[in-house]
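Numbering of the sequence shown is given in the working numbering, commencing with residue 1 and proceeding in unit increments.
I should point out that these hints are in silico values taken from the structure, not numbers from a laboratory.
Predicted, not measured: the structure shown is a model, and the values here were computed from it.
Be aware that one or more of the hints could be misleading.
[Claimed, not checked] With a straight-line cut-off of 20 Å between C-alpha atoms, the simulated SDA-like cross-links for lysine to any residue are:
1) LYS234 <-> ASP246
2) LYS471 <-> SER483
3) LYS245 <-> SER267
4) LYS471 <-> GLY437
5) LYS471 <-> ALA507
6) LYS245 <-> LEU259
7) LYS234 <-> ARG209
8) LYS245 <-> GLU235
9) LYS234 <-> ARG217
10) LYS471 <-> GLY423
11) LYS370 <-> ARG328
12) LYS245 <-> ALA202
13) LYS245 <-> ALA269
14) LYS471 <-> ALA441
15) LYS471 <-> ARG433
16) LYS370 <-> ALA388
17) LYS245 <-> GLU266
18) LYS245 <-> HIS291
19) LYS370 <-> GLU401
20) LYS234 <-> LEU259
21) LYS370 <-> VAL395
22) LYS370 <-> GLU333
23) LYS471 <-> ARG508
24) LYS471 <-> ARG455
25) LYS245 <-> ASP278
26) LYS471 <-> THR449
27) LYS471 <-> GLU505
28) LYS471 <-> VAL450
29) LYS245 <-> ARG230
30) LYS370 <-> LEU356
31) LYS234 <-> ASP261
32) LYS245 <-> LEU227
33) LYS245 <-> GLU175
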Amino acid sequence: MDVMGDKATLFETGRFVQPSGRDGVGEAPDDAAEEVRQRLAAEAGDVEAMSVLGALLLRRGDLDGAEPHLRAATAAGDRAAANNLGVLLHQRGYADDAAGWWRIAAVAGSAAAAHALGRHHRERGDEPAAEYWLRQSAEQGHALGAYALADLLEHRGDAGAEHWMRTAAERGHREAAYRLARTLDRRLVPEGDVGEDHGAGADAEQWYRQAAARGHRRAALHLGAILERRGALKEAGRWYLTSAKDGEARAACALGFLLRDAGDTESAAVWWLRAAQDGDGNAANALGALHAERGEPQTAERWYRAAMDAGDDNGAYNLGLLCAEQGRTAQAEQWYRRAAYAGHREAANALAILLLQGGDTAGAEPWFSKAAEAGSVDAAFNLGILFAGRGEEAVALRWYERAAAAGHTEAALQVGIARLRDGDEATAERHLRCAAGGGSAEAAYRLATVLDARRPPVPAHTLGEPVHEEKSECEEWYERAASQGHRRAQVRVGMLAASRGDVVEAARWYREAAEAGSRNGAFNLGLLLAREGSEPEAAVWWTRAADAGHGRAALRLALVYARRGELAEGQRWADRAVALGPAEVSERAARLRDALREELSA
1 MDVMGDKATL FETGRFVQPS GRDGVGEAPD DAAEEVRQRL AAEAGDVEAM
51 SVLGALLLRR GDLDGAEPHL RAATAAGDRA AANNLGVLLH QRGYADDAAG
101 WWRIAAVAGS AAAAHALGRH HRERGDEPAA EYWLRQSAEQ GHALGAYALA
151 DLLEHRGDAG AEHWMRTAAE RGHREAAYRL ARTLDRRLVP EGDVGEDHGA
201 GADAEQWYRQ AAARGHRRAA LHLGAILERR GALKEAGRWY LTSAKDGEAR
251 AACALGFLLR DAGDTESAAV WWLRAAQDGD GNAANALGAL HAERGEPQTA
301 ERWYRAAMDA GDDNGAYNLG LLCAEQGRTA QAEQWYRRAA YAGHREAANA
351 LAILLLQGGD TAGAEPWFSK AAEAGSVDAA FNLGILFAGR GEEAVALRWY
401 ERAAAAGHTE AALQVGIARL RDGDEATAER HLRCAAGGGS AEAAYRLATV
451 LDARRPPVPA HTLGEPVHEE KSECEEWYER AASQGHRRAQ VRVGMLAASR
501 GDVVEAARWY REAAEAGSRN GAFNLGLLLA REGSEPEAAV WWTRAADAGH
551 GRAALRLALV YARRGELAEG QRWADRAVAL GPAEVSERAA RLRDALREEL
601 SA
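Throw the hints in and build the complete structure from the sequences for me.
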């Protein structure tokens, strides 16, 4: 047992100073002179001196020397001596004899003995007797008794456990403070209040702090995590460091990530190494990723295997990624399968993709489903693609909606497109806004077209005429898509600029689209240049557009060459325009071609 003595007896005379925050006998002066004085008093028949001398020798480990003094004091009715005699006998292995003396001391009012007796009964499975004596100890203000009672009640699921855990924590018991904090921390945040700072959270932090300040390494770890989430990174780092130095591998790992995010990769690696050597799989994975980034695949693989040996399924998943990057498909599949069978949802998704790439659609589907059901958003999206490819649009849409609800940008785009197709413009707009806000250029463009269709007609302007109109929302979305390289959006932004009379802006966007391969951009840039009197340069862009299949550009070229008198070249482009269409262009091009043919044959 971890207590000796009873403060009521040993310290009530005031002859000894009771150290604060300790249960039992406390630290009596251990110098030789004090021991001699106590020994002389004991030999003279002083019962209290016998008790104190026995406790002093017991603390020192001198059981043979302590026993006669404790027995003599106990025989004289000293309850502290009875308690300590129980401790001595327990240390010798005579548990039942020890319990007998603890009972005597506990009945006489010793809180420490009641605690020891309660633990004795619990170890033997007699919970009613254990509760009785632990409650006696706790109600007398004994911190260890309160903690042991709380532990017993918590084991039984008794609601009174928290009261006694709090009582023990308030009396300075660090493990009680930690466990009370964990209890408060695990409570569910009230529905709808996610992200709010609740009293229970602040209360938990207070107890974590108390336990951590008393050297509880796991409390320091949890306190560091709370502070890191709050953004108090320096203080979080200090608590992680305290915990890591005390041997907490998870704290060393967390400290490593904190240092990495601060740009100190070398120091991060030191702490990850320390944590990994202590069996932390997360740290081993972090080391593997670090070496993979440095182009050291063999070392990376060694650490991923270490993570796997530590029971971290991410190790197998990361090994699969490493093998896939190296083109070792068979090994990648092996590792993905191992992680996927262990329940790793991203490994299941990666395995399904690998199978799909190999043409095994039937084998891929169940793994996509398993990953999606486990919460993988990417897998839900991939299932949507899979079913859409089979023509099962309704099933595909359900998976897209599931992924979109979890914030998947491309899934939200697909839902938006499907709802537009169904005529549900309001739902489509909502999903397109989500996707566009998530960075999808296609969604931004399609949202802009929806908003554009609602705009009232704007008055036309002469090219080059200065205009000072506010940009509409649809134009802002077009510009966002255009700035992300969306060619149709670039053309549309150019057209809107041209409609405002802003030739320079229009030309910039047309040129950007054309250089990216947009035939409409090239055609419109040609029109703009022709209107500005630069027909030769316009012809260059029309040629590019016509070569890419733009019928109107081919017709424009036919007219240019006809005006120049290059009838054969004009006829060739007219033939090209007839073939490309659309119908209106083909009709006009056919008339021009026939006229040029007649001219050539005249």
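### Task
Output the numbers, in ascending order, of every earlier hint that fails for this structure.
10, 11, 12, 18, 29
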